[in-house]
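Undergrad: Chain V is already provided as a structure; the job is to place chains B, P, Y and X on it using the hints.
Here are the chains, one letter per residue:
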Amino acid sequence: MASHLGDPRVVEFDVRTDEMLINMGPQHPSTHGVLRLALRTDGEIVSEATPHIGYLHRCAEKIGENLSHRQYIPYTDRMDYLAAMNMNLGWALVVEKLLKHEVPERGRHLRVLMAELNRIASHLVAMGTYGLDLGSFTPFLYAFRERERILDLFEEVCGARLTYSYITPGGATGDLTEGWLEKCEAFLDQLAPVIEEYHTLLTSNAVFIRRTAGIGVLSAEMAIDYGTSGPVLRGSGVDYDLRRDGDPWYTGLYRDYKYEVIVQKDGHYPKDRDYPPVPAEAVLGDSWHRFYVRMLEVVQSVELVRQAMERYRAAKGDCGAPLKLTQRLPKGEAYLETEAPRGQMGFFLVADGNAIPWRVRVRSSSFCNLSITHEVCRGCLIADVPAVIGSLDIVMGEIDR
Amino acid sequence: MMTLAGMDWHAIYFWLFALLTCGFALAVLFSANVVRMAFYLVLCLGASAGLFFLTGAEFVAAMQLMIYVGGTLVLLVFGVMLTAHSRFVSLRTPSGEWILALIAGSALLALLLSAALKVPDWVKANPDRAAISAADVEATTPIGMGFAGVRVDKLSQTDPQLLGGMSGYLLPFLIVSIHLLVVLIGAAYMARAKRRAAAVDEGAV
Amino acid sequence: MDHQKLFDQLRERFGDDVRALVVETIDPWIEVSAERLEDVCRLLKNDAAWQFNLLNCITAVDYFEPDAKKAAKVDWKPHVQMLYHLSSTTLKHTVVIKVRLPRWKDDVAGQLPEVASVSGIWRTADWHEREVYDLMGVMFVGHPDLRRILCPEDWEGYPLRKDYVMPLEYHGIRNR
Amino acid sequence: MAPITVAHYLAVGAVMFVAGVLCMVTKRNALGVLMGVELVLNGANINFVAFGSKLLRAESLGLDGQFIALFVIVLAAGEAAVALAIALNFYNNHTTIDVDRADDLKG
Amino acid sequence: MAELINLQILNRLLGWAGVDLPPSHLAGAVLAALVHGVILLGIVAVAAMFFIWAERKVAGRIQDRLGPTRVGGRFGWLQALADGIKLLSKEDVRPREADALLFRCAPYVSFAASFTAYLALPFSDGWVAQHINSAVFFILAVLGLEVFGVILAGYASGSKWSLFGAMRESAQVVSYEVPLGLCVVVPVFICGTMNLVTIGNMQTGWLTNWLVFHDPFTFAVFWVYFTCAIASVNRAPFDLAEAESELVAGFHTEYSGMRWCYFFMAEYGSMLLVSGLATILFFGGWHGPVPVFDMLGWSSMGGVLQYVAELAGAANFLIKAVVGVTVMIWVRWTLPRLRIDQVMTTCLKYCTPLAAVCFLGALGWQTGMFGLAAGPLWSPNQLMAVKQRGEYRESWVLKAEAAAAAEGSAAQAGRPAASGDRDEPDVSGETEPARSSATGAVGSPLSRKGGVG
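Chains as they are written, first to last, in my numbering: chain V, 64 to 464; chain B, 50 to 254; chain P, 59 to 234; chain Y, 567 to 673; chain X, 667 to 1119.
Some clues are possibly wrong.
Stated by the list, open to error - Partial list, computed: chain X residues near chain V (C-beta under 7 Å):
1. F716
2. S911
3. L1001
4. R1005
5. Q1008
6. E1067
If you are wondering where the hints come from, they were derived from the structure by calculation, not from laboratory data. All C-beta atoms, glycine included, are put in the ideal place defined by N, C-alpha and C.
So that you can see chain V by itself, here it is in the shape it has in the complex (with noise of 0.2 Å):
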């Protein structure tokens, strides 16, 4: 019997109940798709937080193996669903380096153009299923439906509204449409005020506030020892934008760009005088950090856009023909990082100087995000989870591959 006072568990809570072993997912409403997510709780205290994924795997990497690297488009597309311009953007530009090829000046500027356009529609998912995980239905469907115009627009220019494949390697499937810039334009135009009614929703909203400053702290150096990117990285205050300080392939697209990397620098985020303050209780690393910068990151994107049709408008030229199919890879290997809204979004890819590659590489940014979930849910109490979780906003379909 006094052996059980020895146990650390019987000492840290109130009363205590036996431990309970949790199955959260994969079928559950907030483990985003089909992740499962083991809890070993004490109550309402989560103890232990092991997630179990593979649930989404489909052999991207394999599949690789057997088609050319245009035939793959497709599928990158399917890795983060929710960001498809960006995956097709790394595919193609892994390729492109391996090519060595560059795409005429104005291809450039669509591709920024509808990578942080993408990056828009992929961040205000993310905003609003976080509202979503915390209870806060309306958020989503706000975030809907501004989505939707991005995805009309998509709609108008490749004809799909989720697996774009647009960008292709040498280019993309098509141009701009006439008229889609002035659309584009009034669709900017129209967000830019309601960004400010999401931060009345859930940004500065007291209750948002309470669940989730403070709430999965994730220090700077273990971001970065767990391979942590995108706005889980740049949440935990580290300076790191692969759009600046990537490879020069991919930081090449942005070259004389205008935009300031959102990241927590002397306790100010970049122009943050225009939105909500950082609550007293937001701790640098937290939730809330995680999606204010998400959140800031789409006024940033907005600019970029802004940027990158002014500048599609004065370039001259073509945008860039799709390689054929049979384009036989030099033999040798690329590794290319891309900044995609989740983080960096890796494509590796060994050629024999077939068409075909020899094999292909994804490093998935959800896949490292979602390797804190451990480190950041122990004892944490169960509504907690799905607050660290949504903020990591992990798409299944990227990390299982």
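TA: Here is chains B, P, Y and X on its own, set in the frame of chain V:
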């Protein structure tokens, strides 16, 4: 007696609630599952609140539902949940114990019932009940006043000897309040975090 | 970034265990022996001059040609190549570390090749190594929890190996 | 149908009381015993309220019956809180609330 | 005990229709009981259906969409019915792990509790199924029983998520009953009665007579009450027992079809109930902001006109209650959900102390501690002859007053028992006159504002 006009509603409701109360009390006794026991206890106490309503003690009945059923029993069920080992705990009692208990119980019941029926005053119905309207048994405010120390329900009392003993329930009320406060603090203290347990353990080493 | 300088420094420290430096390729790489990989990685991470604090990716490539006719034409011997893409968030440079492993340990089919785990150096390696183990069949010595991650725990074979044959049936589920 | 008298209520109270006593005797679970106590208290309460009802007796106990019933209810709440705290504490130390196992002090 | 069944409405209806029925008539009594039961069940069922529709419609509008538009014509007003039919036709699933009896009983327990509380809720002057003189506490008490359905459902489902939901619910409801009770006590002691009909009638007149405008403390306590009410009926942001993003669906994870539907009927029933209670306790009950029928004199005229006035009162009451429910719906679709520990801190750290402070403040206001309440501020009520708050007495007070008046002797001449502007009650209570003056004192704090003016 079953004329249309003379329908004794009190009796009908009494039998209804009495059967429910007794039935669920026995169900509590004979149930082997602790959660079901709690459920039957809820129904039993709820039905007895119905009996209180019938006697005109509406405030007591409401309090019974609120404090007893809504508070105490929820707490009890909470305790059941916290301490349930397997999901549905069964409490088997050896049959030998049952037989002994039932013999003793029926003896006790027979004694109590015979006592209840022996006193002539208790088996006599109130002759002028018809004259008492629902408004006459309205007692909520008088009870409140009684707790504050003023017995407005005994205004017609003229016997000075009796008057001395009914100056209200202010003192017991205060005592109970303090008692409850102590209980609350004590219960919180007992069920609080067990950090001290570890300290004692270390001290022993 | 000066890859030659890094190579020289490593060479000085680890001798011939740091096998080669190739800078003519798209991404310059340094080949290291499997035995000293952990030490090299620790130095790369902790040395103030390099600070490779971010492990981007761990990749394993199976160099094996099942088709005998084609196998005769290739210019390599069958092996598994491990690639570690490293970068530094502070100094903003990258490097690729390669390790050459046999396809099977001691050339006994079914004996997984072994390499030291770097999960003690970068914790992100934990999941990446599990993935490589799962799909390519490389044993990471010193890994705290080497289990399959994407495939079910009872899956047989290593799907990304070139000689992998998809099983016809899994728990009564027909695959074709 | 015979008119309802105080004795009817007393009979109900007696049944509850006996059921409660037997519950206390036969149940092994501390919470089962606690439920028995609640039944006993409530059986007594029915008597108090019945004696105090103006509807049942011309010369009733009056409001005093209800006062005592209220005190019983409130004290039962306190008693339940303490008993529950004891039960939980006991459970923490012994991982059971079987009352027969509470024999630590036995020599 | 024919009084147990209130015949007022039925008799008036029948009397109006020319049927003369003795009150103790069995057929009449049974009919009355049936009518009451059916009316209340109808109200609860229709209210639930209406609010399910309203929830979708309001949520739709809040979320920049239309909500249901097709079923039953333009506004989708039959959507709730369609939902009901769908639920009826669903398979009734019971998990193998479940405790069959409790699993089946739980939804009915919930619904029965919610429905029973309507017994004591007046819809208009005297329109109440059962006159209970401690109606306020009765409603709170019965409403508190709803939690048993949830606990049983959670425990009997044999699912861990359900169990979590049940644990949360029991902790939450037990805690919130404390501030809720405290809030309710404020209007109760201002009115000096727990009888909801009397409390409602005490707020006759212009809207300045509503208790929410009685003093700053009642105004504050209303908001505390509303917060606690939302928490006690398990609505967002306090809907932890069914938090779908954490616990899948909490206590009703394993329920489907009609059983699931009963939980929802109970939820919407309770929402209307707490709003109705708020309406009576704080917003004048069935009295409109402008006492039209009092001005016309219909409300005390008897016959058809009084019936019309009472009907309008009922409509008035329902409108106010529906507004309350709409606000709950609005809150639900706006705010994220709190965490369980935050829900408990909200209760223990904010609601309970606030309610206690308001209680003491209102007490001080009532006894003139702030020096403001002694003289009535001007209100439009002074223009018209409405029955003043102090004139509503419980029967025993009236009887005691009558007795005192009858026994009135020279000793009492200087201190009329029922006068409004008495000193503090003399509770020493040794002699007859002193005690009867204490009786009068019960009425006096109430009449301090209205009775004098």
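Undergrad: Can L1001/X be said to touch chain V, with a Cβ gap under 7 Å?
TA: At about 5 Å, which falls below the 7 Å cut-off, the nearest Cβ of chain V leaves the hint on L1001/X intact, so it holds.
Undergrad: Would the hint on R1005/X be counted as holding, given a Cβ-Cβ threshold of 7 Å to chain V?
TA: 4 Å, holds
Undergrad: Verify the interface restraint on S911/X: the C-beta must sit less than 7 Å from at least one C-beta of chain V.
TA: 4 Å, holds
Undergrad: Closer than 7 Å between Cβ atoms is the bar; does Q1008/X clear it against chain V? Give me holds or violated.
TA: 6 Å, holds
Undergrad: Under 7 Å, Cβ to Cβ, is where E1067/X needs to be relative to chain V, so tell me if that hint holds or is violated.
TA: 52 Å, violated
Undergrad: Hint validation: F716/X versus chain V, beta carbon distance must be below 7 Å. Holds or violated?
TA: Status violated, d = 21 Å.
In the structure shown, a violation is registered for the earlier hints numbered 1 and 6, in ascending order.
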